[in-house]
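Please build the complete structure, drawing on both the sequences and the hints.
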Amino acid sequence: MFKKAWIKYVMLTLAVILGTLATTTTGAAAATKEPHYVITTDTTYPPFELQDKNGQYVGIDIDILKAIAKREHFTYKLVPISFNSGAQAVLSGQFDAIMAGMAITPARKLVYDFGTPYYKTGVIAAIAKNSKIKSLNDLRGKTVALKTGTGAAAYALSIQKQYGFKVTYFNDSNTMYNDVALGNTVATFEDEPVMKYAIQNGVKLKILTKPANSGYYGFGVKKGHNQELIAKFNAGFAAIKKDGTYDKIVAKYIGAKESTFAGSAAVNNSIWGLLKQNKNQFLAGIGQTLMLTILGIILATIFGVIIGILAIVPNKFSHGFASTIIYIFRGLPLLVLAFFIYIGIPSLTGHKFSALLAGLITLMLNEGAYIAAFVAGGLKSVDNGQMEAARSLGLSYWKAMRKVVMPQGIKLMVPSFVNQFIITLKDTSILSAIGIIELTQTGTVIISRNSQGFRVWFLVAMMYLIMITLLTFLAKWADKKFGNN
Amino acid sequence: MATKVKVTDLHKSYGDNEVLKGINLEVQENEVVVMIGPSGSGKSTFLRTLNKLEEPTAGSIAIDGIDLTAKETNLNKVRENIGMVFQHFNLFPHLTVLENVTLAPVELGKLTKDEANELGRQLLAQVGLADKADAKPTQLSGGQKQRVAIARALAMKPSIMLFDEPTSALDPEMVGEVLKVMRDLAEDGMTMIVVTHEMGFAKQVADRVVFFADGYIREEGTPDAVFNNPQDPRAQDFLNKVLNV
Ligand SMILES: Nc1ncnc2c1ncn2[C@@H]1O[C@H](COP(=O)(O)OP(=O)(O)OP(=O)(O)O)[C@@H](O)[C@H]1O
Ligand SMILES: [Mg+2]
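Chains A and B are the protein sequences, given in the same order. Residues 1 to 485 in UniProt numbering are what the first sequence lists, from first letter to last. Residues 1 to 245 in UniProt numbering are what the second sequence lists, from first letter to last.
Simulated from the structure, these hints should not be mistaken for lab results. In this text, a Cβ means the ideal position worked out from N, Cα and C, and glycines have one as well. Some hints here could point you the wrong way.
Heads up, simulated DSBU-like pairs for lysine-lysine below, C-alpha to C-alpha not over 30 Å straight-line [what the hints assert, rightly or not]: (1) Lys110(B) x Lys403(A); (2) Lys136(B) x Lys411(A); (3) Lys113(B) x Lys411(A); (4) Lys129(A) x Lys161(A); (5) Lys476(A) x Lys136(B); (6) Lys399(A) x Lys113(B); (7) Lys109(A) x Lys223(A); (8) Lys480(A) x Lys132(B); (9) Lys132(B) x Lys411(A); (10) Lys136(B) x Lys481(A); (11) Lys196(A) x Lys166(A); (12) Lys196(A) x Lys120(A); (13) Lys380(A) x Lys71(B); (14) Lys132(B) x Lys403(A); (15) Lys113(B) x Lys77(B); (16) Lys399(A) x Lys132(B); (17) Lys52(B) x Lys403(A); (18) Lys113(B) x Lys480(A); (19) Lys352(A) x Lys232(A); (20) Lys77(B) x Lys316(A); (21) Lys403(A) x Lys77(B); (22) Lys316(A) x Lys52(B); (23) Lys77(B) x Lys136(B); (24) Lys142(A) x Lys129(A); (25) Lys77(B) x Lys380(A); (26) Lys316(A) x Lys21(B); (27) Lys71(B) x Lys316(A); (28) Lys136(B) x Lys480(A); (29) Lys380(A) x Lys136(B); (30) Lys157(B) x Lys403(A); (31) Lys399(A) x Lys52(B); (32) Lys380(A) x Lys52(B).
Selected chain B positions facing chain A (in silico; Cβ < 10 Å) [stated by the list, open to error]: (33) His88; (34) Ala104; (35) Glu107.
So this is what it looks like as structure tokens:
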């Protein structure tokens, strides 16, 4: 009886959480009288967007947006997510606008409407400090690092033929800089202010070329949508340009020293210091990771058990249905599935939903397909004589399944289940791509501020190992307590 | 005497392989029928069609006058009345011996848990295993397992019992204890259909012996008639081999 109450409780909690997740986006908007928007920005694009040492988002973009919103009386929720995903999500209707150092290009103008250009920029090439490369001509045959979806990347591709280099892609600036600094790739193309800021703050690169392909950054919305927001942005921008607020914001970031935002060198040079300073962010990241893992595995188990049973029921239709589901969701890479659900489905249906909900659905389908496969395998491996003996006593198929076959099959599944639990925990890191700030994304964000790649990744790795160890213990304990043995 | 089982022109095929080629058989209340025959002749298949573990291809089966091949028949209800004992016991390994016996009557709402436990202990005593109620099946010998399986079938208070080679998987010294339980059942008037190679049991206990070969019933009669004066050449050949080793 205790067992049943426990299951009911979990199901109830789950229903409440999912319900809340599904309604949060709309709920927040309804609460205020001022117009409310959801605006995306990049996670790592200093000095335009970065987190300060307290984990608050700051930067030229962020401060401009804040100043304009205040003047023009609108409120907004800022969603930091990788630039490329954010840019697509605006087009799919997930977000109202993007403020992420987005260069205004002819191609983008076809699908976005931009506000007044707010920052002049140009693309430069940068190389490692100790590099022997003298000009773009030396890049021939070598590999260059680009950030996915940026104007700088587009520029690099436009001259790729001329200079004969190869390219590789990154989603995050800091990882890309490190790659060049370490010599894995020989150069990168980046917007000038961004590169200058990074170098000033300790990234071991130097600038190779003069700014090329000069252009402007713009505040973008999906073409034909949110026109009143563009109008507000333009009015506000004109005002802050006039009264000097704009210049103050730019001056505050261009020329700022590393320690202003990232904390002192003493802190950054010790693991303990990093851990202490970023304690709250790490805890929040761990919280998200655990939440995704635990809710994800519960949903995946429910989904997987249902599909797994459908796969073994002696009925051609249900069998075919279950095998197809397993085939599709086991075959799709988790990242593709996550993007499809988060960006693809809202563009089809016009309904937005939170990244968290998209992430949970992704886990449910993908991990659930694996669970379904081993549930079906486990049940099939129970000797057929067990079902026959139960049926010969007069038990119905489902009763025989529940009372005789499943208890034996589940025992066989326990090791696979613990394994899937650990895989799910690790897989949550992939969901950082749709902008969930779980532990991996937390690491990326912290590094974008302090450039302490090695130390921060070391900390993140340790945290994953500790979580996996604890979850394994928990799973073993639960098996002892709730299993039959 | 009432007719318990009436099988008419029963056919069963697996794909192109016709295993039962037109079986007719009637079994009366309290009767013990022993089925013998060479391996692969279709004895198990026939027995398993009687409670519809196998779907017949053609023909009809009536148990206590209820037509098993009719669509509207509730098979689960019919099966409650037909106990089955398997060659490999098929005890439920995740349950204790007593739980194996009480599972069906409790799950099907025949008895309360307490009533079922009482009946279970009584049946275990009847098969000589009162002290094993709380053991797990893996802790039992083969002969003990098969006696538990018989008690499990009896817990549903069936009026017919089917046995498919209940002693073939046992070490020789354990065969006797199982046959004794079966003999007691027969003496209590249980209607039984038994597939076995135990000719001694057939001679002592059977009211009738049925000889299967190639998907047909080739010979049928009292044990004395079939064993001592078989008419069918296949039966003569088979009995020669099994009786004279
Ligand atoms: N599920 C099945 N699918 C296909 N063929 C089957 C199946 N079950 C039995 N058969 C075939 O039916 C025939 C009869 O098998 P059955 O088990 O009824 O024989 P039997 O008389 O019980 O033999 P034994 O003494 O070896 O138990 C055999 O040829 C067997 O291969
Ligand atoms: Mg057989």
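Taking the hints in turn, this is what the structure says about them:
no. : hint                  : result
1   : Lys110(B) x Lys403(A) : 16 Å, holds
2   : Lys136(B) x Lys411(A) : 16 Å, holds
3   : Lys113(B) x Lys411(A) : 25 Å, holds
4   : Lys129(A) x Lys161(A) : 26 Å, holds
5   : Lys476(A) x Lys136(B) : 23 Å, holds
6   : Lys399(A) x Lys113(B) : 17 Å, holds
7   : Lys109(A) x Lys223(A) : 8 Å, holds
8   : Lys480(A) x Lys132(B) : 25 Å, holds
9   : Lys132(B) x Lys411(A) : 24 Å, holds
10  : Lys136(B) x Lys481(A) : 19 Å, holds
11  : Lys196(A) x Lys166(A) : 24 Å, holds
12  : Lys196(A) x Lys120(A) : 14 Å, holds
13  : Lys380(A) x Lys71(B)  : 28 Å, holds
14  : Lys132(B) x Lys403(A) : 22 Å, holds
15  : Lys113(B) x Lys77(B)  : 20 Å, holds
16  : Lys399(A) x Lys132(B) : 26 Å, holds
17  : Lys52(B) x Lys403(A)  : 21 Å, holds
18  : Lys113(B) x Lys480(A) : 26 Å, holds
19  : Lys352(A) x Lys232(A) : 23 Å, holds
20  : Lys77(B) x Lys316(A)  : 26 Å, holds
21  : Lys403(A) x Lys77(B)  : 18 Å, holds
22  : Lys316(A) x Lys52(B)  : 20 Å, holds
23  : Lys77(B) x Lys136(B)  : 29 Å, holds
24  : Lys142(A) x Lys129(A) : 17 Å, holds
25  : Lys77(B) x Lys380(A)  : 26 Å, holds
26  : Lys316(A) x Lys21(B)  : 29 Å, holds
27  : Lys71(B) x Lys316(A)  : 20 Å, holds
28  : Lys136(B) x Lys480(A) : 18 Å, holds
29  : Lys380(A) x Lys136(B) : 23 Å, holds
30  : Lys157(B) x Lys403(A) : 20 Å, holds
31  : Lys399(A) x Lys52(B)  : 18 Å, holds
32  : Lys380(A) x Lys52(B)  : 21 Å, holds
33  : His88                 : 6 Å, holds
34  : Ala104                : 4 Å, holds
35  : Glu107                : 6 Å, holds
Checked against the numbered hints given earlier, the structure satisfies every one of them.
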